[in-house]
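Colleague: Spelled out, the chains give:
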Amino acid sequence: MMTHVMSAVTRIKGRSETSDPTPGTVDEKSLYKKRKRRQGLRDDLTSFWFLLPILAVFVILFAVPLVQTLIYSFTDFNGYSMNMHYVGWVNYQKVFTDSSTLQGLIFTVIYAVLQTIFITVIAIPLAVTLNGKFFGRNFARSMFFFFSVPSMAILGLVWRYIFSPMKTGLVNSFLGLFGIDSLPWLSNSHLAQGCVIFVAVWAQIGWHATLYLAFLQSIPHDLYEQATVDGASKRQQFVHITLPQLVPGIVTSTFLLMNGGLKVYDLPFTLTKGGPGYSTYTVTQSIIQQGIGQSQYGVGSALAVLFTLATAVVVFAQMGVANSISRRFQ
Amino acid sequence: MSIGKAAKAALAIIASGAMVASMAACGNSDSASGGKVTLTYFSWNNEEASKAYVNEFEKENPDITIDFGSSTSYVQTLQTRLVGNQAPDVFIITSENKADLISNGYVKDLTNESFMKNISDANKEFVSKDNKVYGMSTSSWASGIVYNKDLLKKVGVDSVPTTWDGFLALCKKLKAAGITPYLEANADDTRRIQDAFYGGILAKKGTDLTKLSEAKTQTPGTDEKTAYKAWMKLYDQGLVTRDTVGMTGDDLKTQFTGGQVAMITDGAWDFSTFKESGVNWGFSQIPAMEEGMEQYSQGSPSPAWAISSKISGAKLKAAEKFLTFMQSKWSLKEQSDGGDAVTVKGFNSNVVDQYKNVYEKNVKTGKYFLLTNFYSKPSVLSTATQSETQQLVQGSITLDQFATNVDKKIAEAQ
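Residue numbers (this note's numbering), protein chains in the order written: chain A, 14 to 343; chain B, 170 to 583.
Among the hints, a few may not be true.
Claimed, not checked - Okay, derived cross-link-like pairs now, DSS-like style, lysine-lysine, Cα gap no bigger than 30 Å in a straight line:
#1 A:K180 <-> B:K444
#2 B:K533 <-> B:K301
#3 B:K514 <-> B:K228
#4 B:K402 <-> A:K180
#5 B:K502 <-> B:K228
#6 B:K205 <-> B:K277
#7 A:K107 <-> B:K385
#8 B:K394 <-> B:K380
#9 B:K205 <-> B:K498
#10 B:K220 <-> B:K486
#11 A:K107 <-> B:K394
#12 B:K514 <-> B:K301
#13 A:K180 <-> B:K318
#14 B:K380 <-> B:K286
#15 A:K180 <-> B:K422
#16 A:K180 <-> B:K342
#17 B:K373 <-> B:K301
#18 A:K180 <-> B:K323
#19 B:K577 <-> A:K276
#20 B:K344 <-> A:K180
#21 B:K341 <-> A:K180
#22 A:K107 <-> B:K577
#23 A:K180 <-> B:K322
#24 A:K180 <-> B:K398
#25 B:K301 <-> B:K479
#26 A:K107 <-> B:K380
None of these hints come from the bench; they were simulated from the model.
Source: prediction; values computed, not measured.
In isolation and in its complexed conformation, chain A is listed as follows (with noise of 0.2 Å):
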């Protein structure tokens, strides 16, 4: 057995000694960066063979559609003939000048503005809370965890019936008791859009607070213990310790909100079809109605095309926001 090692360790340092020699003339030098360049192609080969499904799964789904969308937008593709014709900028005029489809990138851009701004507001000082210690703790974050777990489009249809404008409608009945008359909810423009962004920060809540109780869970304790035999206060802690240590996890969650809130559809179309008028109308919603729903194929992949551009210029910007802040807190 023994034999059998060693003569296992001299075969692998005879081959380093053969493989890997020190470089020391110029051939030597050659030899070696070659040798080096072989093993990292070598390397790079298992690498790609690793990737490949997902290399494969990303140009089918993503990169594929992507170059579609870019030619179709060019078009005056209908979805029922193939033979389609060149039509230049057209369809990216008309999205310029389409009202409707301005009006659903205003309310677009106000939702994830918004939902980012109260749920990041909301789920720290609760993700605080649910880190103490408290009798049903457990209880408490498995409940707020809860509300993100039905699909939105099931969230709008039960909302639907709660924030109905007619008397019967759950808030009014409630309004009803203390004598006050019902209100519109989701028949006034403001309160409809009122409505979708409140449902949105309720069902998001839980889960962005358990984000941020992991992060939170993370914090080393003797910071806390350090600060208060230095006489921080509760505040003075949250602000100096609990706020720069939870910077990694308000640029995530803040990515998936704003990512998330600009490709928004499903609440807002189960909760107010997008009305009263176009008041909660989406860019999601314009694309999917026009392209597919309408048989715009060129129209909608145009607004699909600058939509993704937009998307992009403003996650990197907030990336780019987020890393700099980082950096000051490191």
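Given the coordinates of chain A, work out where chain B should sit on it, guided by the hints.
Modeller: Frame of chain A, contents of chain B only:
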């Protein structure tokens, strides 16, 4: 080549072979085999609703097998199949796709087929272009006013007036008695009254409906303006709450079955709900816009069966047999029993008592109108009118702006 590599290569060849074989089998799935013809039928209705027809047809035609398919997103799935050269032999043509199916040559001209002889004119008109008929529609639907007899009795009225002025007067009376007179679902179901009024206007003018979709400059908003102006009196006179912009069809049903509103607009598809509710209800024609005008209804022929223009020979014969079967007495009775208001000449549907008046006066006579059936780009029109109607009811736009916006949307989509 090492054994491992050889084994992998062999496996790859076998797998590819299996894939090619299965794809080839797919390609042959709708061809004739052993003297039997397989007909692909892609339906708007699900398997449960279509099973009886398919089974009976196969029983009567043992040499034909139906390969049935359906989808909840029917229009999009059919569109994908057509573009991908996977057209079904028989499929459904409906208001959302008829213009595209006809103009792209996907459907066969059925004008002179023997099975079209008894189809009513209004149903033929629905799927016609340039005097050619491309589908066989055997039934129609018409909406109307569902009313609570007991609530109307409280103000001494036992039926819905036949004119719009009479209807507005009744609403005033009900409101004065503390009863919510009327509600409509402007969140998802706009234009019931307006379409009925517009149908009446077009009938008075003697307009050829099949020409509307061919007009170079389409102005559905401007065309319907008079109808909208009359309808808006409901809101201008404060008879109905503007909160209807947030109300859905389901909300209306809940209000009506709870006895909280005297009248709503609805149709035969919800009759079972009203029956079960225990409310003493009736169903009336939509009032005429003006004295001297006919009482039209918002309604439409039901989706029609169409035959693919790509098939021929035994398959075409089988498809024609299938359409002949779908308007046979057995089939029409089955449709009628299932709640459809059949409009085929020589056949009477056994409709519920409340529906009889509207069935006789609107459905069977073709006195119904659905704006989106007669303009190109029905989906664009439907979405645009819904959003603009909501803004009109809210008071955020004027009637002129409504008309301009709807016309602009249609012009952009053309």
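Colleague: For each hint, tell me whether it holds in the structure or not.
Modeller: The hints, checked one at a time:
1. A:K180 <-> B:K444: 24 Å, holds
2. B:K533 <-> B:K301: 22 Å, holds
3. B:K514 <-> B:K228: 26 Å, holds
4. B:K402 <-> A:K180: 23 Å, holds
5. B:K502 <-> B:K228: Roughly 17 Å between the alpha carbons, so the hint for K502 (chain B) and K228 (chain B) holds.
6. B:K205 <-> B:K277: This hinted pair holds, its Cα atoms lying about 23 Å apart.
7. A:K107 <-> B:K385: 19 Å, holds
8. B:K394 <-> B:K380: 19 Å, holds
9. B:K205 <-> B:K498: Judged against 30 Å, a Cα distance of about 26 Å means the pair holds.
10. B:K220 <-> B:K486: 21 Å, holds
11. A:K107 <-> B:K394: Given that 30 Å is the threshold and the Cα spacing comes to 26 Å, the pair holds.
12. B:K514 <-> B:K301: 20 Å, holds
13. A:K180 <-> B:K318: Holds. K180 (chain A) to K318 (chain B) sits at ~22 Å (cutoff 30 Å).
14. B:K380 <-> B:K286: 23 Å, holds
15. A:K180 <-> B:K422: 14 Å, holds
16. A:K180 <-> B:K342: Distance ~21 Å between K180 (chain A) and K342 (chain B) Cα, so the pair holds.
17. B:K373 <-> B:K301: 25 Å, holds
18. A:K180 <-> B:K323: Judged against 30 Å, a Cα distance of about 22 Å means the pair holds.
19. B:K577 <-> A:K276: 27 Å, holds
20. B:K344 <-> A:K180: 16 Å, holds
21. B:K341 <-> A:K180: Judged against 30 Å, a Cα distance of about 20 Å means the pair holds.
22. A:K107 <-> B:K577: 11 Å, holds
23. A:K180 <-> B:K322: 24 Å, holds
24. A:K180 <-> B:K398: Judged against 30 Å, a Cα distance of about 28 Å means the pair holds.
25. B:K301 <-> B:K479: 17 Å, holds
26. A:K107 <-> B:K380: The hint holds at about 27 Å.
Going through the hint list in order, the structure satisfies each hint without exception.
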